[in-house]
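Sequence lines, in order, name chains L and A.
If you read the first sequence in my numbering, its first letter stands for residue -1, the second for the next number, and so on.
If you read the second sequence in my numbering, its first letter stands for residue -9, the second for the next number, and so on.
Hints were generated in silico from the structure; no laboratory data involved.
This structure is a prediction, so every number in the text was calculated from the model and none was measured.
Any given hint could turn out to be false.
Derived BS3-like pairs (lysine-lysine); straight-line CA-CA distance at most 27 Å [claimed, not checked]:
#1 L/Lys404 with A/Lys71
#2 A/Lys235 with L/Lys310
#3 L/Lys55 with L/Lys168
With beta-carbon atoms standing in for the labels, derived distance ranges [what the hints assert, rightly or not]:
#4 A/Ser205 with L/Leu31: 45 to 55 Å
#5 L/Ser441 with A/Asp8: 22 to 32 Å
#6 L/Lys72 with A/Glu147: 25 to 35 Å
#7 A/Pro154 with L/Lys439: 46 to 56 Å
Glycine included, C-beta positions come from ideal geometry on N, C-alpha and C.
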Amino acid sequence: MSVMLQPFKYTNYGIYPKFNWNISIIRNISIFLDYILMTMSFERIREKLNILADAAKYDVSCSSSGSQRTNKNKGLGNSTGMGICHSYAEDGRCISLLKILLTNHCIFDCAYCVTRKSNDVQRAAFKIQEVVDLTINFYRRNYIEGLFLSSGIFKSPDYTMERLVRVAKKLRLEENFNGYIHLKSIPGASDELMYEAGLYADRLSVNIEIPTISGLRLLAPDKQHEDFTKPMLAVKNGIDRYRSEKKIIRSTPTYAPAGQSTQMIVGATGETDKDIMYSATHYYKTYKMKRVYYSGYVPVAEDSRLPSIGSKVPMLRENRLYQTDWLLRFYGFNVTELLNDQHPNLDVDVDPKLGWALRNLQHFPVDINTADKRTLARVPGIGMLSVNKIIQARRFRPLHWEHLKKIGIAMNRAKYFIVCNANHWYHKDMDALTLKGLILKTSQGKFRKNYSTQLQLFNE
Amino acid sequence: MAIRNDMTMETATTLIYDGSFNGFLTTVFKAFEERLHIADIQKNSIGQNGLFSKTETVFTQMDKAKRVWNGIRNKSNSAIKRIYFAYLSGHKGIEVLLYRYIQGLFQKDGGISGDFSNDLYLKISQLAKSVGREKHRMEAFVRFQYTQDGIYFANIEPDFDVLPLISKHFKSRYADQEWIIYDIKRSYGLYYNLKSVEIISLDLKEIHANSILKSSVFSETEYHYQQLWNDYFRSTNIKSRINKKLHVQHVPKRYWKYLSEKKEAV
Chain L
-1 MSVMLQPFKY TNYGIYPKFN WNISIIRNIS IFLDYILMTM SFERIREKLN
49 ILADAAKYDV SCSSSGSQRT NKNKGLGNST GMGICHSYAE DGRCISLLKI
99 LLTNHCIFDC AYCVTRKSND VQRAAFKIQE VVDLTINFYR RNYIEGLFLS
149 SGIFKSPDYT MERLVRVAKK LRLEENFNGY IHLKSIPGAS DELMYEAGLY
199 ADRLSVNIEI PTISGLRLLA PDKQHEDFTK PMLAVKNGID RYRSEKKIIR
249 STPTYAPAGQ STQMIVGATG ETDKDIMYSA THYYKTYKMK RVYYSGYVPV
299 AEDSRLPSIG SKVPMLRENR LYQTDWLLRF YGFNVTELLN DQHPNLDVDV
349 DPKLGWALRN LQHFPVDINT ADKRTLARVP GIGMLSVNKI IQARRFRPLH
399 WEHLKKIGIA MNRAKYFIVC NANHWYHKDM DALTLKGLIL KTSQGKFRKN
449 YSTQLQLFNE
Chain A
-9 MAIRNDMTME TATTLIYDGS FNGFLTTVFK AFEERLHIAD IQKNSIGQNG
41 LFSKTETVFT QMDKAKRVWN GIRNKSNSAI KRIYFAYLSG HKGIEVLLYR
91 YIQGLFQKDG GISGDFSNDL YLKISQLAKS VGREKHRMEA FVRFQYTQDG
141 IYFANIEPDF DVLPLISKHF KSRYADQEWI IYDIKRSYGL YYNLKSVEII
191 SLDLKEIHAN SILKSSVFSE TEYHYQQLWN DYFRSTNIKS RINKKLHVQH
241 VPKRYWKYLS EKKEAV
């Protein structure tokens, strides 16, 4: 009766509804009992899943890309490096991985966290086999790309980390699973465990959560800044070690092929955009992060140190931070150009690239037909895809407005900053304020209703 | 489009082919080899004669099709992909567009690849892109349901004929399970028998969309997992961030009836 031991092992299921009255009655009774057990365990799993998925959802990373793991020996799963969003929740966020906690029991009491010790919520814990079975069965039905496993910290960081690693190990070695696995690095876990984790996981991440050290002291007094950075360093060293050994020994086992990431909560401690982006830049550089995520704080507790329950999630701000992050990683901007002591916060009403351009009108207009890639990428309303198309297309003929429109650049912003092969140019010697007013008047923004134009007059 | 304007005095030819991609490549071979002035290339099922052109039927020849395929591929890998994807869009008149595009590729001055200021190139790129997008959507939105016979079964109704494009993805991903993906709109499907992928056609009495009612075709555990997936879909949503517009933009309503997590919404 392996069913009793592993009530969710898939392979035992097919037999249940097929009653065979020719075999002895005892066997039928045992099948019936199994069926009852299965239904009971199904209800228990259901309850756990609801609790532990709900608690895991504040982790925003859903990336399933960047890993190469080809299917071996007719196993299950194949990661080609391209991520897939299998669905989207009603909040519009991608669902790519089964994102759950192993348990929401926790010995820490971080004010911003829904699973903190002092919070009165229902607690639950998955068994290792239960997580493995859920992952495999969701994956087989093409619901997910893989597993994102995090956990509250029970007993000790090492004890918790070791359980997370065991889930990943079991999936890889026993189930021959080649899907994506993202494991959380538990703050305070030992270097040896972090190394083992990287052998089975595609990505490892530890969330810094609070961008400033003073904020951390205020909201998570039991945690030290070093608890977060130590596992980051261990992962970075693991990746470096893999890269250098790989050059000599080809069969070196892969280590966290999709790299590591981290997350910061935005709007919980009154930090400026400059604080956030400067520390993001620090993590990108020091620990070679693949991604830093920004998560608008969703009030989960009534606490005098935090925004009260019912305060709006700062989604516009979060959006502006991501735009800035992209400008830094793909558009060749330096963080000091976008945020500095004169501009510690990003503009609310215009995107950060447009904001930068309005402060630096001396760089414009840019000639579409001669400018280099770096310069083109700095024009508001022209994204990296359009930059590449422009560069390819202008080899054939000088481009004019009609071409640019068809290539798909955002003309309502771009046209004031460029010249091309045409008689008429929109670029006039306007001052920044007039130009900004003109652009805002002729364009729409998805967050426009969230702020009034009146307010902006005072900000200038 | 100034290609072959000098030849307008010649009789233009309309080529008829069997509607397969290889058939289309064979017509391209013929048109190049005989230096034909092409008025139109049509599927034999359509057959619409022009008033001033003569009509000729082309029989698919694999060796010729292969030569065209290799010829284009040697020129550019991305071009052959673009051509195949755009062809599968089934866009009206796609054959002639592609023929002109292939002509452009073989021009002396290096061809039109990358010419985003050329209308023909833009059009082909856009068609290829929308087929690529549909392919990606199917890789995401296929929902297998486990049958009593031990086969993972999914119905789809894609906008374009993308089954040939997704076959490899599913084969390498689900190498250890039998599966069927069946295109209801085009009445054919793929069946993976643990060794290779076969093309099949089924006599489906009912369409296995996600109904709240259970079907005896599927196992009891199948419905358990659908329930768990539905629960997960709901629990992972953050209510204070609700954004239905974005949700529908990413998961267009026409796909909902095959997505088990949208069962109740349909």
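Tested hints:
1. L/Lys404 with A/Lys71: holds, 22 Å
2. A/Lys235 with L/Lys310: Holds, because 19 Å separates the two Cα atoms, which is no more than 27 Å.
3. L/Lys55 with L/Lys168: holds, 24 Å
4. A/Ser205 with L/Leu31: 45 to 55 Å: violated, 26 Å
5. L/Ser441 with A/Asp8: 22 to 32 Å: The hinted range 22 to 32 Å is violated for serine 441 of chain L and aspartate 8 of chain A, with Cβ atoms some 50 Å apart.
6. L/Lys72 with A/Glu147: 25 to 35 Å: holds, 30 Å
7. A/Pro154 with L/Lys439: 46 to 56 Å: holds, 49 Å
Checked against the numbered hints above, the structure breaks hints 4 and 5 and satisfies the rest.
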